[in-house]
Every structure is written in structure tokens, then in C-alpha cells.
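Participant: Chain by chain, the residues run as shown.
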Amino acid sequence: SQTIHQWPATLVQPVGSPLSLECTVEGTSNPNLYWYRQAAGRGLQLLFYSVGIGQISSEVPQNLSASRPQDRQFILSSKKLLLSDSGFYLCAWSPQMNTEAFFGQGTRLTVV
Amino acid sequence: AQSVTQLDSQVPVFEEAPVELRCNYSSSVSVYLFWYVQYPNQGLQLLLKYLSGSTLVKGINGFEAEFNKSQTSFHLRKPSVHISDTAEYFCAVRGPTGANNLFFGTGTRLTVIP
Chain A
966 SQTIHQWPAT
976 LVQPVGSPLS
986 LECTVEGTSN
996 PNLYWYRQAA
1006 GRGLQLLFYS
1016 VGIGQISSEV
1026 PQNLSASRPQ
1036 DRQFILSSKK
1046 LLLSDSGFYL
1056 CAWSPQMNTE
1066 AFFGQGTRLT
1076 VV
Chain B
7 AQSVTQLDSQ
17 VPVFEEAPVE
27 LRCNYSSSVS
37 VYLFWYVQYP
47 NQGLQLLLKY
57 LSGSTLVKGI
67 NGFEAEFNKS
77 QTSFHLRKPS
87 VHISDTAEYF
97 CAVRGPTGAN
107 NLFFGTGTRL
117 TVIP
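Residue numbers (the working numbering), protein chains in the order written: chain A, 966 to 1077; chain B, 7 to 120.
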């Protein structure tokens, strides 16, 4: 069966520090991968998605970037965090046939 | 493009009472529809999905939803809720093609009152 791992679960970082959140998927190949952000009291905002290694699409302009160095690895990064980057970040995958998405447990990021 | 509207941001309901969480979508093409549940500080868990076939879909934890194409709705129902059903519920819609076309509603907070 497929599983998705996302870490760390919580992170407190100072303004201006770098960020690296990692997500890996097991039990499937060539998945579509996604990074979402969930602000308090709001829905999910799609940040990045990837349909293959090295293929990254950004949905919104921002202080963040994403990379997919391996088929089942998706990384969310920032060179310098802003206060507004605080939130709950969710990684997800879906099969190439584009049906349902499966989510990781999320990372609570607090920028101080 | 598709979009999703969850009309109720909060729904309080007494334990063992029935509940309906409303979801309407807009799309000019055939879609796939989903309901997810999110417990505090956790990811989203798939409750049920409609891809094709029977319009009444049964999911986990005793939930079901009915796809109504004429009303473009996909309401979630449970005949008797438990305290453990207290969570945030998200409706989502996806068009048949494209990797970036999964759209979520803003969520409904279900609070079950003992």
C-alpha cells in the first residue's frame, strides 16, 4: 500500500532563516506531488505541484520554492523566511490518472 | 475552471443527531468529487469519493454523500453523529484532466455537542 511521510511535524524558525520541508511517498511510482498551505480559518491553497522529476509548477508568487530531486521526493524550501510564511503545510500525492489526493500529516511552521 | 462552495463554516449538532454538510460546485465539465476530514493538527483523510456510477456514495465512519448533477451538489450526511466526528470537513472537486485542478472548499467545522 502507498504511504506518504512528511517531516518535521512542527517547526519554529526565526525570520530570515532558511526552510526545508521534506515529503516522500512509498508504494507507488511517478505520482503527482503537491504542496499546500493552510492558514488559520481558511481552506487549502495550492503552492506547487509536480508531474515528474524536475518538473515544478508554481500556483502563486511567493517566498517559497519547491524541488523534486527524485521520483517520490518533494521538498519545500525558502532562503529567508517571512512572518507571513507561518502556517500549516501539507504535502500530498495523487496517481497520474488524477483522481483523489492523499495527504501527509502536515508541518506546523511558526516564524518568529 | 471548477470551484467549490461550502455554505456553512460551522455546524454544531448534538450527539446522536443527524447531520448534513452542504457542498456545491461549479463546473462546465464532468467532475470527480471528494469529501475529506481533518482532525486538529493532522493531514486530510479521504472520507469518500464520487468518480462515476451510483450517485449515492458511502464512505468511512458511517458517512455518505449524494451526487446531484442537476443541483451541482455533493452534500455529506451521517444519520447519527458521535463526539469523535468533531473535526473540519472539506469538499473538493477535480476536473477529468490536468494535475493542478483539485479545488477545495473553505471547510466546515463540525462540532458534536454531548
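Please note that a few of the clues may not be correct.
[To be verified] Far from chain A, some chain B residues (derived; all Cβ distances over 12 Å):
| # | residue |
| --- | --- |
| 1 | V17 |
| 2 | E22 |
| 3 | S33 |
| 4 | L39 |
| 5 | L57 |
| 6 | E72 |
| 7 | T78 |
| 8 | P85 |
| 9 | R100 |
| 10 | T112 |
| 11 | I119 |
[Unchecked claim] Beta-carbon label-pair distances, calculated as ranges:
| # | chain 1 | residue 1 | chain 2 | residue 2 | range |
| --- | --- | --- | --- | --- | --- |
| 12 | B | S32 | A | G981 | 17 to 23 Å |
| 13 | A | R1073 | B | R115 | 30 to 36 Å |
| 14 | A | S994 | B | R115 | 20 to 26 Å |
| 15 | A | A1004 | B | T117 | 18 to 24 Å |
| 16 | A | R1073 | B | E26 | 37 to 43 Å |
| 17 | A | T1064 | B | T11 | 17 to 23 Å |
| 18 | B | E72 | A | E987 | 23 to 29 Å |
| 19 | A | R1073 | B | T78 | 31 to 37 Å |
| 20 | B | L52 | A | Q1027 | 25 to 31 Å |
| 21 | A | P983 | B | E72 | 45 to 51 Å |
| 22 | B | P18 | A | R1007 | 36 to 42 Å |
| 23 | A | Q1038 | B | S58 | 30 to 36 Å |
| 24 | A | S1049 | B | T11 | 49 to 55 Å |
By construction, these hints were calculated from the structure, which means they are not laboratory data.
Glycine included, each C-beta is placed from N, C-alpha and C at the ideal position.
Participant: Decide, hint by hint, whether the structure agrees.
Facilitator: Structure-based check of all given hints:
Consistency note on V17/B: stated as away from chain A, and its beta-carbon is indeed over 12 Å from all of that chain's, at 15 Å minimum. E22/B, annotated as away from the interface, keeps every beta carbon of chain A farther than 12 Å; the closest lies near 28 Å. Remark: the non-interface label on S33/B is consistent with the geometry, its nearest Cβ contact in chain A lying 14 Å away (cut-off 12 Å). Not every Cβ of chain A is farther than 12 Å from the Cβ of L39/B; the closest lies at roughly 10 Å, contradicting the non-interface assignment.
Once the 12 Å rule is applied to beta carbons, L57/B is inconsistent with being away from chain A; the minimum gap is 6 Å. A cut-off of 12 Å between C-beta atoms confirms that E72/B is not in contact with chain A; the least separation is 18 Å. With a least beta-carbon separation of about 18 Å from chain A, T78/B lies farther than 12 Å from that chain, consistent with its non-interface assignment. No Cβ of chain A approaches the Cβ of P85/B within 12 Å, the least distance being about 24 Å, so the stated non-interface status holds.
R100/B, annotated as away from the interface, has a beta carbon of chain A within 12 Å; the closest lies near 6 Å. The claim that T112/B is not at the interface with chain A is violated, since a C-beta of that chain comes within 12 Å of its own (minimum 4 Å). Listed as outside the interface, I119/B is consistent with that label: its C-beta sits roughly 21 Å from the nearest C-beta of chain A, beyond the 12 Å cut-off. Judged by the Cβ atoms, the range 17 to 23 Å given for S32/B and G981/A is violated: they are separated by roughly 41 Å.
Taking the beta carbon of each, R1073/A and R115/B are about 18 Å apart, not inside 30 to 36 Å as hinted. For S994/A and R115/B, the Cβ-Cβ distance of about 37 Å falls outside the hinted range of 20 to 26 Å, so the restraint is violated. Roughly 21 Å separates the CB atoms of A1004/A and T117/B, a value that falls within the hinted 18 to 24 Å. Taking the beta carbon of each, R1073/A and E26/B are about 31 Å apart, not inside 37 to 43 Å as hinted.
At roughly 22 Å, the beta-carbon separation of T1064/A and T11/B lies within the given 17 to 23 Å, and the hint holds. Between E72/B and E987/A, the C-beta spacing of about 39 Å breaks the proposed range 23 to 29 Å. Separated by about 35 Å at the C-beta atoms, R1073/A and T78/B satisfy the suggested range of 31 to 37 Å. Judged by the Cβ atoms, the range 25 to 31 Å given for L52/B and Q1027/A holds: they are separated by roughly 27 Å.
Checked against the hint of 45 to 51 Å, the C-beta distance between P983/A and E72/B comes to roughly 48 Å, which is consistent with it. Our hint of 36 to 42 Å for P18/B and R1007/A is violated, since their Cβ atoms are close to 20 Å apart. Remark: the range hint 30 to 36 Å for Q1038/A to S58/B is upheld by a beta-carbon distance near 33 Å. Against the hinted window of 49 to 55 Å, the Cβ-Cβ separation of S1049/A and T11/B comes to about 26 Å, which falls outside the hint.
Violated hints, listed in ascending order, are 4, 5, 9, 10, 12, 13, 14, 16, 18, 22, 24; each of the other numbered hints is respected by the structure.
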